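K.L.:
The chain contents come next:
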Amino acid sequence: MALQPYASTGQRIWYYTFRVLCGLILFFLIFPIIIIIPLSFNALPYFTFTPGMLALEADAYSLEHYRDFFYNDAWQQALWNSLSIAPAATLLSVSLGTLAAIGLSSGKMPFRGVVMAILISPMIVPLIISAAGMYFFYSRIGLQGTWFGVVLAHAALGVPFVIITVTATLVGFDRSLTRAAANMGAGPVRTFFKVQMPLILPGVISGGLFAFITSFDEVVVILFLGSAGEQTLPWRMFTGLREQISPSILAVATLLVSVSVILLVTLEILRRRSERLRGMSPG
Amino acid sequence: MNASNDAFVEFDRVQKSYDGETLVVKDLNLGIGKGEFLTMLGPSGSGKTTCLMMLAGFETATHGDIRLDGRPINSVPPHKRGIGMVFQNYALFPHMTVAENLAFPLQVRKMGKDEIETRVKRALDMVQMGDFGGRRPAQLSGGQQQRVAVARALVFDPELVLMDEPLGALDKQLREQMQFEIKHIHEQLGVTVVYVTHDQSEALTMSDRIAVFNDGRIQQLAPPPDLYERPENSFVAQFIGENNTLDATIAERDGEFVKVEFVDGSTGQALAVNCGGPGEKTRLSLRPERVTFAQPGEWGVAGKVKELIYLGDHIRVRMQVLGNNDFVVKVPNASRHATLSVGETASLSWVAEDCRALDAA
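Those sequence lines, one after another, are chains A and B. This note's numbering applies: residue 1 is where the first sequence begins, and numbers increase by one. This note's numbering applies: residue 1001 is where the second sequence begins, and numbers increase by one.
It should be emphasised that the hints constitute simulated quantities derived from the structure, not laboratory data. Please note that a few of the clues may not be correct.
Below 20 Å or equal to it, Euclidean Cα-Cα: the simulated PhoX-like pairs (lysine-lysine) are [to be verified]:
#1 B/Lys1330 <-> B/Lys1306
#2 B/Lys1034 <-> B/Lys1183
#3 B/Lys1172 <-> B/Lys1183
#4 A/Lys194 <-> B/Lys1110
#5 B/Lys1304 <-> B/Lys1330
#6 B/Lys1304 <-> B/Lys1281
#7 A/Lys194 <-> B/Lys1330
#8 B/Lys1110 <-> B/Lys1121
#9 B/Lys1080 <-> A/Lys194
Now the in silico label distances, taken between C-beta atoms and shown as ranges [unchecked claim]:
#10 A/Ile128 <-> B/Glu1100: 48 to 54 Å
#11 A/Ile120 <-> B/Asp1069: 29 to 35 Å
#12 A/Pro198 <-> B/Lys1080: 33 to 39 Å
#13 A/Cys22 <-> B/Asp1125: 57 to 63 Å
Just so it is clear, the structure is predicted and the values come from calculations on it, not from any experiment. For each residue, glycine too, the CB sits at the ideal point set by N, CA and C.
With the rest of the complex left out, here is chain A (with noise of 0.2 Å):
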């Protein structure tokens, strides 16, 4: 939005602080994320630029911690564990989270703000809490310290994530659709996933990707209930942070950031394109 030629002078001044805040706020929070990535080709083991990174020395740089990464076993088990729980609990939290949100989109649900609020609760109680009443209740029933306790706590956590993706595209899902589908003859499973499926994926699509990075970047709820054995990758990163404080952490923070933006838009364009493709874009 330009400036307008009849602008007076508290409307001017408003308009270039305006544009200096949103500069600071997206500054603020893009550069501590992009500083790391040239600090990760530090060829000494600090988390600060050396003189020979600032002189742009070449010898100053080194993949040496990317090569940490990728040879240390330990960090290896973790990025297995964080991929196989991540997926395994985004399958869960988008099979559960799209049914409670057809379910709950439904004209016949009684109780619905109260059902919503009891689903949607872990994205607003601490996840501290969360994570301690997790961990005392999964102790009790043996699931504490389990890869399925942490899949299981994982998607919990992402579920509300995809119900409220998955509602918000529900709200213009046309229901005779379903209605014309059952009249032609389909049944109710064959309808879902040949009629709605297809129409609601992009909201389905969005929220697993919540619920995946959700998972993915969780350290809270794993360093409960986890074992030795489930150490994901943020959790070996905050351990890493704490203990030893290596640059290898460094190196995995940038992977990850590019893993994240990649999936990002990766995720943005198939959707896009399939929006186009369905013609949901009315008109």
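Chain B: place on chain A using the hints.
P.N.:
Just chain B now, kept in the frame of chain A:
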């Protein structure tokens, strides 16, 4: 097959209530013959759409039986009824092409690939959409989407097709064109059609029989000419076509006719259709084109001209007659038509058969 009735679709004392208190459909009895084009016509909230939804299976009847070809279908889920339906907003699947939309009911029925292709092509050709199989619904105009919706409802050869105000979203010209097309398809295929609309001209154009709904009941079930010329109650007379009403009291019964007394004490004759005995109130119904100007010396009632509207082939005269300010007379624009001017008084006359004494609703 039910021995007492050979109707293809049958509503037997059907009632429907959404909240358990008020009945949206009250005691509906209706038989629809095979191959018939039956229209359910009525104002919104009259229960016509609810009836259609009960037939399709999307609503359950609170009481009574609905039978299809003699079989009760109350407990048959919608996807096992085999009824085609055209929805008000077309309900085409936006993520499928036109051809995929049409193939959907055939795939559900596990038909072979070749047969599906043949049938889809035939159905699209029938609605003149043969070249549009590869398009998506969003790329079609409203009228084209409407054709696809009709083709999709017919592609699996259902014996019964339901249409829920399918032309409501189209402009007038397209609507009239589609009325004829749907009518022709119906004649071609001999399929039974139950059509819901609130547009009376649509109902009159297309139907074999029309069921006029109001307040959860069928007010009259008759072929279009009967409905227009022989309405059985005030609601139908008022709802179908243009209608003049006059309130009167019955003086005496005289065979098929009644002698009525108007508000100003003058008397006249009317056909006794749906009225009570002497002393009771009645509402007379008269079509504007059946009212003439009385010759001198003939029986007539006085009317004062309030407004003249020139319409080319005829002149609409709005008059004040016996307390009714909206009494309309159509004067044909013939070479020797009556010349009238606003404020003038004229004597109006009609044949007793055309003046129907109905309930004083």
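K.L.:
Does each hint hold? Answer for all of them.
P.N.:
Now for the hints, and whether the structure bears them out:
{"no.": "1", "hint": "B/Lys1330 <-> B/Lys1306", "result": "holds (14 Å)"}
{"no.": "2", "hint": "B/Lys1034 <-> B/Lys1183", "result": "holds (16 Å)"}
{"no.": "3", "hint": "B/Lys1172 <-> B/Lys1183", "result": "holds (17 Å)"}
{"no.": "4", "hint": "A/Lys194 <-> B/Lys1110", "result": "holds (15 Å)"}
{"no.": "5", "hint": "B/Lys1304 <-> B/Lys1330", "result": "holds (15 Å)"}
{"no.": "6", "hint": "B/Lys1304 <-> B/Lys1281", "result": "violated (24 Å)"}
{"no.": "7", "hint": "A/Lys194 <-> B/Lys1330", "result": "violated (57 Å)"}
{"no.": "8", "hint": "B/Lys1110 <-> B/Lys1121", "result": "holds (17 Å)"}
{"no.": "9", "hint": "B/Lys1080 <-> A/Lys194", "result": "holds (18 Å)"}
{"no.": "10", "hint": "A/Ile128 <-> B/Glu1100: 48 to 54 Å", "result": "holds (51 Å)"}
{"no.": "11", "hint": "A/Ile120 <-> B/Asp1069: 29 to 35 Å", "result": "violated (49 Å)"}
{"no.": "12", "hint": "A/Pro198 <-> B/Lys1080: 33 to 39 Å", "result": "violated (24 Å)"}
{"no.": "13", "hint": "A/Cys22 <-> B/Asp1125: 57 to 63 Å", "result": "holds (59 Å)"}
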